[in-house]
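*Asks:* Listed below are the residues making up each chain.
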Amino acid sequence: MELNGKVPPGPLAEKWTNYKSSMPLVSPDNKRRLDVIVVGTGLAGGAAAASLGELGYNVKCFTFHDSPRRAHSISAQGGINAAKNYKNDGDSVHRLFYDTIKGGDYRSREGNVHRLAEVSVDIIDQCVAQGVPFAREYSGMLDNRSFGGVQVQRTFYARGQTGQQLLIGAYQALSRQISLGNVTMYNRHEMLDIVLVDGKARGIIARNLVTGKLERFAAHAVVLATGGYGNDFYLSPNARMCYETATWRAVRKGALMANPCFTQIHPTCIPQYGDYQSKLTLMSESLRNDGRVWVPKKKEDAEAIRQGKKKGIDIPEADRDYYLERRYPAFGNLVPRDVASRAAKVECDKGHGIVPTGLGVYLDFSSAFERYGKSKAHSMNLENPSAAQVREFGVKEVEEKYGNLFEMYEKITGEDPYTHPMKIYPAVHYTMGGLWVDYNLETNIPGLFALGECNFSDHGANRLGASALMQGLGDGYFVIPYTIGTFLSKEIRTPKFSAATPEFDEAEQAVRERLQGFLKNGGKQSTESFHRRLGKIMWDYCGMARNAEGLTKARRMIQELKAEFYTDVFVPGSMDEYNPELEKVTRVADFFELGELMCLDALQRNESCGGHFREEFQTEEGEALRDDENYKYVAAWGWQDTSQEPELYKEPLVYENIKVAARSYK
Amino acid sequence: MMVDNKLIIGLSGFIPVHINLLSTFINPYQPLSTLINLYKMKLNLKIWRQKNAKDNGRFETYQVVANEHMSFLEMLDVLNESLTSSQKEPVAFDHDCREGICGTCSLVINGQPHGPMGGTTTCQLHLRHFHDGQTIVIEPFRARAFPVLKDLVVDRSAFDRIIQAGGYVSIDTGQAPDGNAIPVGKDVASKSFDAAACIGCGACVAACPNSSAMLFVSAKVSHLALLPQGKIEAKKRVMDMVNQMDEEGFGMCSNITACEAECPKQISVENIARLNREFIGSSFTSTEKA
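Protein sequences appear in the order of chains A and B. For the first sequence, the working numbering gives the first residue as 11, with consecutive numbering after it. For the second sequence, the working numbering gives the first residue as 593, with consecutive numbering after it.
Just so you know, these hints were derived from the structure itself, not from any lab. No experiment lies behind these values; they were computed from the predicted model shown. Keep in mind that a hint or two might mislead.
[As the list claims (entries may be wrong)] Listed next, the in silico DMTMM-like pairs over lysine to aspartate or glutamate satisfying Cα-Cα at most 20 Å (straight line):
(1) A/Lys386 <-> A/Glu147
(2) B/Lys646 <-> A/Asp153
(3) A/Lys210 <-> A/Asp651
(4) A/Lys308 <-> A/Asp324
(5) A/Lys263 <-> A/Asp285
(6) A/Lys534 <-> B/Asp770
(7) B/Lys778 <-> A/Glu407
(8) A/Lys386 <-> B/Asp779
(9) B/Lys778 <-> A/Glu409
(10) A/Lys421 <-> B/Glu660
(11) B/Lys828 <-> B/Glu840
(12) B/Lys778 <-> A/Glu410
(13) B/Lys783 <-> A/Asp285
(14) B/Lys632 <-> A/Asp285
(15) A/Lys223 <-> B/Asp647
(16) A/Lys263 <-> A/Glu513
(17) B/Lys680 <-> A/Asp578
(18) B/Lys783 <-> A/Asp324
(19) A/Lys41 <-> B/Asp764
(20) A/Lys97 <-> B/Asp770
(21) B/Lys783 <-> A/Asp153
(22) B/Lys680 <-> A/Glu513
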């Protein structure tokens, strides 16, 4: 199979504009006759469903949540990037494009990334018009802050709840289309299969999670916006309902999975604390604007802290190692996520970790309290403010910026982060890999589109902070409304589809048999316990550092665990009722196969790049060592029949506009 | 370090002990010394079980051994794990992000929506706020407009329909002017944000003796009415949303303010005052037919 990215010709900065003005259109009258299914109601899905509804398509929108306002986009804290250059600090579309390609360690497609940077400015305008209450300056203008891997301030934010506010904006736009009858919303419906008719995506089989009934839905095209697969690792900051079933069902119908080993480790999570733990909690990257990361210089100090004999505040300034500032003076605490995560691991592996498990470092705000406090005192004309005054002012300022994050930290850990430095450690977060899509965001299955985190397209091997929201909304509001026309313009003579066809019969029957198989299994162990065990294998061997031996071993372990799962998993209840355990079992079953593919992908990529760190391939200083000669490609895997070995297809990456270089943040 | 790593991350190291559904977490790799330090709490749970919307439902009693570091929902996970391992049906409850932002989790815990801690969702509630031997009563959010689907899961789609009735700005994708074209005062944006922080969980309804949804509706009305972008449709919006709220079967507001006290996001009842002002103003001056 030849993979054609379909990036339009012409100069980079004009590709999207020229493409938009020359692509085939669907007339308003014809749009009314075309049905589109959108699965998922996060930023990408909600924005897409709303925008396609506005255009006049008949949209059927699905979420397995109880409302289209719940998806995990809501948890994004820090902000959304846009090349507005409101700060007059040298930002531009080109710079955002360049930062994203470099941040992604030169493993993403130039054309797609440039388009993302172009639409970023429209996203902010759209969200403001919807009533998203972004942070403002006293002038009434939009405020910005910095995120990792960049040297400009281009991140727009709404306190520490930017994702929530943007998602509510999309939800409101979607709600409006629902009330106008352009979108039919199906809550608590889970897509369990995609139906292909003559090789094109023409519908889905969904289970009504309340009644348990299987339902069929037909359409001219299917759009997936179903998020990432970070929960393959079981413990991650992802919401508990983040699964990969929709994407994986597409793979089993012939869609290709691209770069599955590109998973992002986020440097600032609250460290793990117990075996019963159900998830991890992320502390926003925005905290690295003002927090300084450190560990004790002396191992004895670290040991004493681990044993509870000392606290972080007892360590004098001279005995603290601000290792990010030391190793990467140009970017300091704001190096990209993969770099910050690996650096934390290095310190902890050397024995400088500061939590009982040894896996934790400090994120300290005391310098920020002082800096903000002094500035505030100055603006109040206080000549010799006392240290206590300075601190009080500073704490107030920090509270204004990150209050909800500090509060969340205290709720979880029971420790006051205003007094004691936060304890953090890296954890799996975002997944850059996903369904292979071309420039139109269409997978290799005609009529099947993938948006947001569930595609692979824009972030290469590492995503920069505050770019996930940008991509989700960019895909949903400003890309798919155009590019879906390239497919649907050819379908205007296709009459409405009936779901009463052999293709739907067959798909529904297969789903039914799969569910019944699990219900009749008669095993003894819970689905959750298998998921935990799978997660441990993934984290131990396919996590922050990987090697060939471990990955080979992990694949075997996953296969063994999968075999045990199919013979010994227990699912209570029946099919025709609300049954959360039955929902979970198919999702975890899909995680086994995806996990195996992640290991395989990590094994074939004999280089280190971005979030993919192979221990065999590193510089003397421990930095990632890329191999552009042999691995400058997208690895797209086909795995329809899992009794066979997966097949690897390669899409070479071509860089015409920027010079591929070793990534340096020093 | 690797030993430690395995030991603490040890996702697999969990053995439930079944004595009358008594379950505990003992990691077989964990040294005894750390186990002694682990504060154990024995909790008696009275949980509402209801097979489906038609079932009458009843309380059932369970015992769980937990520790103070667990979150409330992790304690329910422990119970469910133990129920499942003894081939029984686990307790259904809604949950998702487990960091207090998605609004999916609910539960009335000892009579209080989202439990005893102020400004905290159930998923952010930790057992350090309970004590050994305590009896905890766990019920679903109860309101006519929130029918129970199963056990502790209720249907809150009435909230969605209220938003669909007018809780938006009528702007299509691509129509927006530059984000800085209309300045918005810092304090105005901040006030609007305070209202927009509502997570749509429904605790306000569960807390209200009248099952009124006024705090939820007023938060959305305020969020949009405060901003210049939302002002244009403000009169029609408030009418449409209030009408839909009434249609869904929510009760009247009688200024008890339990909603504010129980709101996990501490949304202020000031918003209700603003809604009332907007509503009255709209009744007299709106040229739009609601």
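*Asks:* Would you mind marking each hint as holding or not holding in the structure?
*Replies:* Each hint, compared with the structure:
{"no.": "1", "hint": "A/Lys386 <-> A/Glu147", "result": "16 Å, holds"}
{"no.": "2", "hint": "B/Lys646 <-> A/Asp153", "result": "52 Å, violated"}
{"no.": "3", "hint": "A/Lys210 <-> A/Asp651", "result": "19 Å, holds"}
{"no.": "4", "hint": "A/Lys308 <-> A/Asp324", "result": "13 Å, holds"}
{"no.": "5", "hint": "A/Lys263 <-> A/Asp285", "result": "37 Å, violated"}
{"no.": "6", "hint": "A/Lys534 <-> B/Asp770", "result": "59 Å, violated"}
{"no.": "7", "hint": "B/Lys778 <-> A/Glu407", "result": "15 Å, holds"}
{"no.": "8", "hint": "A/Lys386 <-> B/Asp779", "result": "18 Å, holds"}
{"no.": "9", "hint": "B/Lys778 <-> A/Glu409", "result": "16 Å, holds"}
{"no.": "10", "hint": "A/Lys421 <-> B/Glu660", "result": "13 Å, holds"}
{"no.": "11", "hint": "B/Lys828 <-> B/Glu840", "result": "19 Å, holds"}
{"no.": "12", "hint": "B/Lys778 <-> A/Glu410", "result": "12 Å, holds"}
{"no.": "13", "hint": "B/Lys783 <-> A/Asp285", "result": "41 Å, violated"}
{"no.": "14", "hint": "B/Lys632 <-> A/Asp285", "result": "14 Å, holds"}
{"no.": "15", "hint": "A/Lys223 <-> B/Asp647", "result": "19 Å, holds"}
{"no.": "16", "hint": "A/Lys263 <-> A/Glu513", "result": "12 Å, holds"}
{"no.": "17", "hint": "B/Lys680 <-> A/Asp578", "result": "16 Å, holds"}
{"no.": "18", "hint": "B/Lys783 <-> A/Asp324", "result": "40 Å, violated"}
{"no.": "19", "hint": "A/Lys41 <-> B/Asp764", "result": "16 Å, holds"}
{"no.": "20", "hint": "A/Lys97 <-> B/Asp770", "result": "15 Å, holds"}
{"no.": "21", "hint": "B/Lys783 <-> A/Asp153", "result": "16 Å, holds"}
{"no.": "22", "hint": "B/Lys680 <-> A/Glu513", "result": "37 Å, violated"}
When each numbered hint is compared with the structure, violations occur for hints 2, 5, 6, 13, 18 and 22.
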